[in-house]
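Listed in order, the protein sequences are those of chains A and B.
In terms of full-length UniProt numbering, the first sequence is numbered consecutively and its last residue is 349.
In terms of full-length UniProt numbering, the second sequence is numbered consecutively and its last residue is 349.
Incorrect hints may appear among the rest.
As the list makes no split between identical chains, a pair holds if one copy fits it or if it spans any two.
Calculated lysine-lysine pairs in the DSS-like style (CA-CA distance at most 25 Å, straight line) [claimed, not checked]: (1) Lys124 - Lys314; (2) Lys124 - Lys92; (3) Lys60 - Lys224; (4) Lys312 - Lys47; (5) Lys212 - Lys225; (6) Lys23 - Lys60; (7) Lys158 - Lys295; (8) Lys201 - Lys314; (9) Lys306 - Lys124; (10) Lys181 - Lys312; (11) Lys312 - Lys124; (12) Lys224 - Lys201; (13) Lys314 - Lys181; (14) Lys212 - Lys306; (15) Lys181 - Lys86; (16) Lys337 - Lys225; (17) Lys337 - Lys212; (18) Lys47 - Lys314; (19) Lys186 - Lys312.
Calculated from the structure, these hints are not laboratory results.
The model shown is predicted, which means the values in this text are computed figures rather than measured ones.
Number of protein chains: 2
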Amino acid sequence: MTPVRNAKLIFNEVPSGYPEPGKTTVYDASGTIDLDSVALNGSVLVKVLYLSADPYMRGKMRDASVQSYSPAFTLGQPITGLGIGKVLKSEKEGINAGEYISLPLIEWAEYTIPPVEILPYHEKIVPAKGVPLSVYLGALGMPGRTAYHAWKEFAHAKQGETAFVTTAAGAVGLFVVQLAKMQGLKVIASVGSSDKAELAKSVGADVVFNYKETSREQMDEILKKEGGVDIYWDNVGGSTLDVALGNANSRARFIECGMISGYNNKNAITMQNLMRIITQRIAINGFIVSDLYPKYNSEFNEIVPKWVLEGKMKYTEDRTQGLEFGGEALLELQIGKNTGKKIVVVAEE
Amino acid sequence: MTPVRNAKLIFNEVPSGYPEPGKTTVYDASGTIDLDSVALNGSVLVKVLYLSADPYMRGKMRDASVQSYSPAFTLGQPITGLGIGKVLKSEKEGINAGEYISLPLIEWAEYTIPPVEILPYHEKIVPAKGVPLSVYLGALGMPGRTAYHAWKEFAHAKQGETAFVTTAAGAVGLFVVQLAKMQGLKVIASVGSSDKAELAKSVGADVVFNYKETSREQMDEILKKEGGVDIYWDNVGGSTLDVALGNANSRARFIECGMISGYNNKNAITMQNLMRIITQRIAINGFIVSDLYPKYNSEFNEIVPKWVLEGKMKYTEDRTQGLEFGGEALLELQIGKNTGKKIVVVAEE
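If we strip away everything but chain A, and leave its shape as in the complex, we get:
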């Protein structure tokens, strides 16, 4: 068979600020692959369908010498992340041609042969009727699990309490808002646009503000007026975290999921309210979701697909069509232009 095109999105340069399409990442359509004869060496041949663009990926766009919880992307190689594909051929027992699987660290490419050591982390996807495959990258995938697992582990939510959820219209935030509402909490939500505000309200957020149009003093006033914060879901860090500390109720729980405000600049953050950690007996917990998979995945698989099907757990997708716009998708995420879970559609089966 004639080789077919196998385009890739290459990590080309470490960005100093926001990732720049065409510079930080470069779309390279020069490669080809022979789908019949390519050597699998015990692995599988995957046709990539949907890729998940996630905020944490900014952290991997760094010099490889800088240590962090997740290895840096390799310059000159495709960036990698969570994705869903269709298995075209398999030399791996337990994975069969024709199946859909999700895989971490999948190459941003049209076709890929994952390193065999990644294969144990595949999950087979048998999409529930009426649920698009791509939702397994969002509400039913890593973002949904991030929200569900950490909420279960750290929130200790009690009816009548108040949760303050940042990036509340994102894939994780929207899930958290809905979890909090299911448990009878009041939800204060911060978002980055009026569209996102509508979205957060539509899933039940009680008080919604656009952080881009809200000064530190105004945010402080809002939280005070609502009686303070019992649970803070942090996706942003920075001064929002500081204001949340300043308005934390006694025994508040701070769930540290992300600090996107710090991903794109190296400036130190000025904090005025750290002392409140003591005076208000605050518990702050950072986490990496994969640590919590063993504890909560089966419960999640039992419950959440039903919620999605029944419409009890709403989700949104913000699709970027075509791998060639992958760099734009990554940038949009960092500047908060996406509404809902960011998906790059490489192919629709």
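We have chain A already, so just place chain B on it with the hints.
Same frame as chain A, but now just chain B:
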């Protein structure tokens, strides 16, 4: 009987920085009390013997309109705190003349009649032979309980781990160092003088540095060289907290006991390493020791007096003789001049 002198240490002025003896607090020896005829109104007459001077008292030297976990001192009234006294007369069932008791919120005065609502919080002290009464304000009192209870609750210490203990020669810190060593941890200790360094070493601290002679970069190097921090006992906050975050090992536990570096200035703190809360999955817990009393006090009363008698738990006292120097004692504590538990001796029985 002729009235006798009843001197008091009065809260005279809210300090903007360090508390100034003679200004923040004023020694007033003009008062008298008739020990025979004074009305008790259902309370007890206490001859005050030992007063505990504690860092947290700085937080109470504030304008009463500023809320915090502990009420402000009242201007024009004696400051109050934990103390030990001898009961001279009693109208309260269950408390008898001749007994020694400790009481919270006891007036810094020679004699006092505590408000009846405080009496339920008294503890009778029957000092073990060989243990001075004042130790019930230190290793066997609130500081010891602070160390013991919070360590039990939050440290989750495992043999071979590394604890970084700040103000390691203080009443709480010294106790924490010894707890950590009992459990087979390596202890890095920060102290404020060479005397204190010797003290910390004498109870087993493995690596001791004087923070006044150690730059941020040097502190960073020390923590790195020792393989990072699994448990951070924070009494100081500020840049030490930031450097500890920068060197936290995966799943580190940060126990937020105090942030003395912030008590005397209102400057915001610049933090560079907050993101590590997430990447290293750090658990940070603030606490107020009285919250933990119900859970751990009886265990403490069972175990710790034995440790003290057997010399397994060492303590030091730094005594200030005379209530007239109470203001100096409070200042010494804030600038770190004390070595060990600061006690103001009002009378030796």
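Here is what the structure says about each hint:
In this assembly of identical chains, Lys124 and Lys314 lie within 25 Å of each other by CA distance solely inside one copy; the values are 23 Å within and 59 Å between copies. Taking the closest pair of Cα atoms, Lys124 and Lys92 come within 25 Å of each other only inside a single copy of the chain (14 Å); across copies the shortest separation is 72 Å, beyond that limit. Taking the shortest alpha-carbon separations for Lys60 and Lys224, only the inter-copy value of 23 Å comes in at or below 25 Å, while the best intra-copy value is 37 Å. Proximity of Lys312 to Lys47 under the C-alpha cut-off of 25 Å is found in neither arrangement, the shortest distances being 32 Å within a copy and 66 Å between copies.
Taking CA atoms no more than 25 Å apart as the test, Lys212 paired with Lys225 passes inside one copy only; the shortest distance there is 20 Å, against 42 Å between copies. In this homomeric assembly, Lys23 and Lys60 come within 25 Å of each other (Cα to Cα) only inside a single copy, at 15 Å, whereas the closest approach across copies is 56 Å. In this assembly of identical chains, Lys158 and Lys295 lie within 25 Å of each other by CA distance both inside one copy and across copies; the values are 21 Å within and 22 Å between. In this assembly of identical chains, the alpha carbons of Lys201 and Lys314 lie at most 25 Å apart only when taken from the same copy (12 Å versus 58 Å across copies).
In this assembly of identical chains, Lys306 and Lys124 lie within 25 Å of each other by CA distance solely inside one copy; the values are 18 Å within and 59 Å between copies. Within a single copy, Lys181 and Lys312 get their C-alpha atoms as close as 11 Å, which meets the 25 Å cut-off; across copies the closest is 52 Å, which misses it. For a Cα distance limit of 25 Å, the shortest separation of Lys312 from Lys124 inside one copy, 24 Å, qualifies, whereas the shortest one across copies, 58 Å, does not. When the C-alpha separation of Lys224 and Lys201 is checked against a cutoff of 25 Å, the pair qualifies only within one copy, where the shortest distance is 20 Å, while the shortest distance between copies is 47 Å.
Taking the closest pair of Cα atoms, Lys314 and Lys181 come within 25 Å of each other only inside a single copy of the chain (12 Å); across copies the shortest separation is 52 Å, beyond that limit. Within a single copy, Lys212 and Lys306 get their C-alpha atoms no closer than 35 Å, and across copies no closer than 59 Å, so neither meets the 25 Å cut-off. Taking the shortest alpha-carbon separations for Lys181 and Lys86, neither the intra-copy value of 36 Å nor the inter-copy value of 55 Å comes in at or below 25 Å. Taking identical chains as interchangeable, the C-alpha atoms of Lys337 and Lys225 are never at most 25 Å apart, the minima being 29 Å within one chain and 43 Å between chains.
Taking the shortest Cα distances, Lys337 and Lys212 sit within 25 Å of each other inside one copy (12 Å), while across copies they are farther apart (47 Å). For a Cα distance limit of 25 Å, the shortest separation of Lys47 from Lys314 qualifies neither inside one copy, at 28 Å, nor across copies, at 67 Å. In the homo-oligomer, the alpha carbons of Lys186 and Lys312 lie at most 25 Å apart inside one protomer (17 Å), although the nearest pairing across protomers, at 50 Å, exceeds that limit.
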